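J.: On the provided structure of chain E, position chain U as indicated by the hints.
Chain by chain, the residues run as shown.
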Amino acid sequence: LSVEEQVIEVIHSELNVDVGAESTIESLGVDSLELLDLLSNIERATGVEIPDERITEMESVSDIIRVVGELKQ
Amino acid sequence: VTFQEEHWSEFCVDAQHLFPLHWKELALNQEVIPLEPDHDLYNAIDRSGQLMILTARDGAGKLLGYNVYFVRTHMHYMSCKVAMTDMYFVLPEHRSGVGVKLFIEAEKRLKARGVRLAITSCKVHEDHEKLFTKLGWKFSDKTFVKYIGN
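Taken in sequence, the protein lines are chains E and U. With the first letter of the first sequence counted as 1, position 58 gets the number 58 in the numbering used here; the numbers rise by one all the way through. With the first letter of the second sequence counted as 1, position 77 gets the number 77 in the numbering used here; the numbers rise by one all the way through.
Mixed in with the good hints, there may be bad ones.
Said to hold, decoys possible - FRET-style restraints, in silico, Cβ to Cβ: (1) Asp37/E to Ser140/U: 20 to 26 Å; (2) Leu35/U to Glu9/E: 45 to 51 Å; (3) Glu53/E to His17/U: 27 to 33 Å; (4) Glu25/U to Gly20/E: 30 to 36 Å; (5) Glu5/E to Glu36/U: 51 to 57 Å; (6) Glu49/E to Lys24/U: 20 to 26 Å; (7) His76/U to Glu22/E: 49 to 55 Å; (8) Val13/U to Pro51/E: 43 to 49 Å; (9) Asp14/U to Asp37/E: 28 to 34 Å; (10) Glu49/E to Lys123/U: 48 to 54 Å; (11) His17/U to Asp31/E: 48 to 54 Å; (12) Leu21/U to Asn41/E: 31 to 37 Å; (13) Asp31/E to Val32/U: 30 to 36 Å; (14) Glu9/E to Lys123/U: 34 to 40 Å.
Stated by the list, open to error - Calculated lysine-lysine pairs in the DSS-like style (CA-CA distance at most 27 Å, straight line): (15) Lys62/U to Lys108/U; (16) Lys81/U to Lys111/U; (17) Lys24/U to Lys81/U; (18) Lys108/U to Lys134/U; (19) Lys72/E to Lys134/U; (20) Lys24/U to Lys72/E.
No lab work stands behind these hints, which were simulated from the structure alone. Nothing here was measured: the structure is a model prediction, and the numbers come from that model. Idealized CB from N, CA, C, for every residue including glycine.
If we strip away everything but chain E, and leave its shape as in the complex, we get:
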């Protein structure tokens, strides 16, 4: 699976919502703690560790995909 597919699959399975790369984090309906849990699951699924300071860049699912992609390189 590509990083995009992995991230979207985790979000879909955790939150049971239809998401695309263009979805905003706000539209996912998660609070701060749920966002951290979601990112932990994305870390486990993708094998990367997301530094806290990169979380501030994340406004949309595409931002998560971009950050995870950069960390995998």
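T.: Chain U alone, transformed into the frame defined by chain E:
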């Protein structure tokens, strides 16, 4: 959403509209202690460089939330610069990661100011222990409050 440091004088123009919401949600003893920020004192502390106000605003400049710290050398340990939370709040309709980003961003900026110890808290009726623990904070104190006015 953008995160930036502001001075009290500019911050309070917009924040005065959020303070009542913040107060209603979290303040204790509301029936006997009204909301009445001491703007002169905040301005004085800000001018002395001992206040860090971090705000979250949307693309239109609307204030979504804030995270405010008092920053000074520790009175017991002069070699240690310490940051103590004054207040933090995010509009309920924007609680989708803005809060955690305010704390992560604040930590980065406090470190840049030379802060070595940061202290924050939360209300018992709005417990953020899990969130703070995930961000690396350690649960260290219990605070007790007693209203002793007439």
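J.: Hint by hint, say whether it matches the structure.
T.: Hint-by-hint comparison with the structure:
1. Checked against the given bound of 20 to 26 Å, the beta carbons of aspartate 37/E and serine 140/U, roughly 24 Å apart, stay inside it.
2. Range check, leucine 35/U to glutamate 9/E: about 46 Å between beta-carbon atoms, so the 45 to 51 Å window is met.
3. The beta-carbon spacing between glutamate 53/E and histidine 17/U, approximately 30 Å, falls within the hinted interval of 27 to 33 Å.
4. For glutamate 25/U and glycine 20/E, the Cβ-Cβ distance of about 34 Å falls inside the hinted range of 30 to 36 Å, so the restraint holds.
5. Between glutamate 5/E and glutamate 36/U the beta carbons are some 54 Å apart, a value that agrees with the proposed interval 51 to 57 Å.
6. For the hinted restraint 20 to 26 Å between glutamate 49/E and lysine 24/U, the CB-CB distance of approximately 39 Å leaves it violated.
7. Taken as a hint, the range 49 to 55 Å holds for the pair histidine 76/U and glutamate 22/E, whose Cβ atoms sit roughly 51 Å apart.
8. At about 34 Å, the beta-carbon gap between valine 13/U and proline 51/E misses the expected band of 43 to 49 Å.
9. Take aspartate 14/U and aspartate 37/E: their Cβ atoms lie about 31 Å apart, and the range 28 to 34 Å holds.
10. Checking the proposed 48 to 54 Å range against glutamate 49/E and lysine 123/U shows it is violated: the Cβ atoms sit about 32 Å from each other.
11. Between histidine 17/U and aspartate 31/E the CB atoms are about 22 Å apart, so this pair departs from the stated range of 48 to 54 Å.
12. Distance hint for leucine 21/U and asparagine 41/E: a CB-CB separation of about 32 Å, consistent with the stated range 31 to 37 Å.
13. At about 31 Å, the CB distance of aspartate 31/E to valine 32/U agrees with the hint of 30 to 36 Å.
14. As the Cβ distance of glutamate 9/E to lysine 123/U is approximately 37 Å, the hint placing it in 34 to 40 Å holds.
15. The suggested pairing of lysine 62/U with lysine 108/U holds, with an alpha-carbon distance near 23 Å, which does not exceed 27 Å.
16. For the proposed pair lysine 81/U and lysine 111/U, the alpha carbon gap of about 10 Å is at most 27 Å, so the pair holds.
17. About 32 Å separates the Cα atoms of lysine 24/U and lysine 81/U, which puts this hinted pair outside 27 Å; it is violated.
18. About 16 Å separates the Cα atoms of lysine 108/U and lysine 134/U, which keeps this hinted pair within 27 Å; it holds.
19. Between lysine 72/E and lysine 134/U the CA atoms are separated by roughly 22 Å; this keeps the pair inside 27 Å, and the hint holds.
20. The straight-line distance between the Cα atoms of lysine 24/U and lysine 72/E is roughly 45 Å, outside the 27 Å bound, and the hint therefore fails.
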